[in-house]
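Engineer: These protein sequences, in sequence, are chains W and Y.
Its first residue numbered 887, the first sequence is counted upward by one per residue in my numbering.
Its first residue numbered 4, the second sequence is counted upward by one per residue in my numbering.
Bear in mind the hints are in silico, worked out from the structure with no lab data behind them.
Since the model is a prediction, treat every value here as computed from it, not as a measurement.
A virtual CB, placed ideally from N, CA and C, is assigned to each residue, including glycine.
Check each hint, because a few of them may be wrong.
Stated by the list, open to error - Simulated DEER-style distance windows between Cβ atoms: (1) W/Q940 x Y/T84: 23 to 31 Å; (2) W/F955 x Y/A71: 13 to 21 Å; (3) Y/T80 x W/E938: 41 to 49 Å; (4) Y/K59 x W/A888: 43 to 51 Å.
Claimed, not checked - BS3-like, lysine-lysine: derived pairs with alpha carbons at most 25 Å apart: (5) Y/K39 x W/K943; (6) W/K943 x Y/K73; (7) Y/K39 x Y/K59; (8) Y/K59 x Y/K72; (9) Y/K60 x Y/K72.
What the hints assert, rightly or not - Only part of the chain W face toward chain Y is listed, based on derived beta-carbon distances under 10 Å: (10) G944; (11) L981; (12) S985.
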Amino acid sequence: KAGVTQTPRYLIKTRGQQVTLSCSPISGHRSVSWYQQTPGQGLQFLFEYFSETQRNKGNFPGRFSGRQFSNSRSEMNVSTLELGDSALYLCASSLGQTSSGNTIYFGEGSWLTVV
Amino acid sequence: GQQVMQIPQYQHVQEGEDFTTYCNSSTTLSNIQWYKQRPGGHPVFLIQLVKSGEVKKQKRLTFQFGEAKKNSSLHITATQTTDVGTYFCFISNFGNEKLTFGTGTRLTIIP
């Protein structure tokens, strides 16, 4: 069974640009959650999607958005990039809703550098 | 606001020594999960604790959930170089906050 797949793995963007990251969950998993990992702030929750609906959202500005498609694949978008957005963005999937205590399985992550 | 504190932030141990990390919450938790992230890798699920006072073991790893369900610990007996990494506790439903990771404990092993 394939794991969680994230693309691209590495990317470099310029301040002010926007970026879209993609996540394909484990087959059969309906929940996808996104996290930002930085050395200073640790692992922080961005949002969770389940059955194409955003179920929970972390404390990030509106520049961070996401969506989930009918096949459970998910994308997150960051607009008007800032230097502080440089981070590892991790996607995780779970069988049921993550916020209900289901185990989450992480992808390898997308390393974003903003210059 | 509500916080999930994890201590210590760093731990350096000689190979063969024991290691413990603690996760403390200001409010009662419904459950807690533990994850391990190897250097350069992604977090990997270790265990989930649900019941008050629950203790679970995985080979050299022992996980505990406090009686009041406000704290948890992960203990590794006789550490090995393969134990290197950062250990995170994870709260899926935490008062008004969701999906919160602890600050993590980075374990390094001195061979």
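Engineer: Against each hint, give a clear statement of whether it holds in the structure.
Structural biologist: So, going through the hints one by one against the coordinates:
Between W/Q940 and Y/T84 the Cβ separation comes to about 41 Å, which falls outside the hinted range of 23 to 31 Å. At roughly 42 Å, the beta-carbon separation of W/F955 and Y/A71 lies outside the given 13 to 21 Å, and the hint is violated. For the hinted restraint 41 to 49 Å between Y/T80 and W/E938, the CB-CB distance of approximately 45 Å keeps it satisfied. The hinted window of 43 to 51 Å between Y/K59 and W/A888 is violated, with their beta carbons roughly 28 Å apart.
Of the pairs offered as hints, the one joining Y/K39 and W/K943 holds, with about 24 Å between alpha carbons and a cut-off of 25 Å not exceeded. Restraint check: the Cα-Cα separation between W/K943 and Y/K73 comes to about 23 Å, which is no more than 25 Å; the hinted pair holds. Between Y/K39 and Y/K59 the CA atoms are separated by roughly 16 Å; this keeps the pair inside 25 Å, and the hint holds. At most 25 Å may separate the alpha-carbon atoms for a hinted pair to count; Y/K59 and Y/K72 meet this at roughly 15 Å.
Between Y/K60 and Y/K72 the CA atoms are separated by roughly 18 Å; this keeps the pair inside 25 Å, and the hint holds. For the restraint placing W/G944 at the interface with chain Y, the shortest Cβ-Cβ distance is roughly 7 Å, inside the 10 Å limit, so the hint holds. Hint status for W/L981 relative to chain Y: violated, with the closest Cβ pair at about 12 Å, above 10 Å. Given the 10 Å rule on beta carbons, the hint for W/S985 holds: about 5 Å separates it from the nearest Cβ of chain Y.
Consistency note: the structure conflicts with the earlier hints numbered 1, 2, 4, 11.
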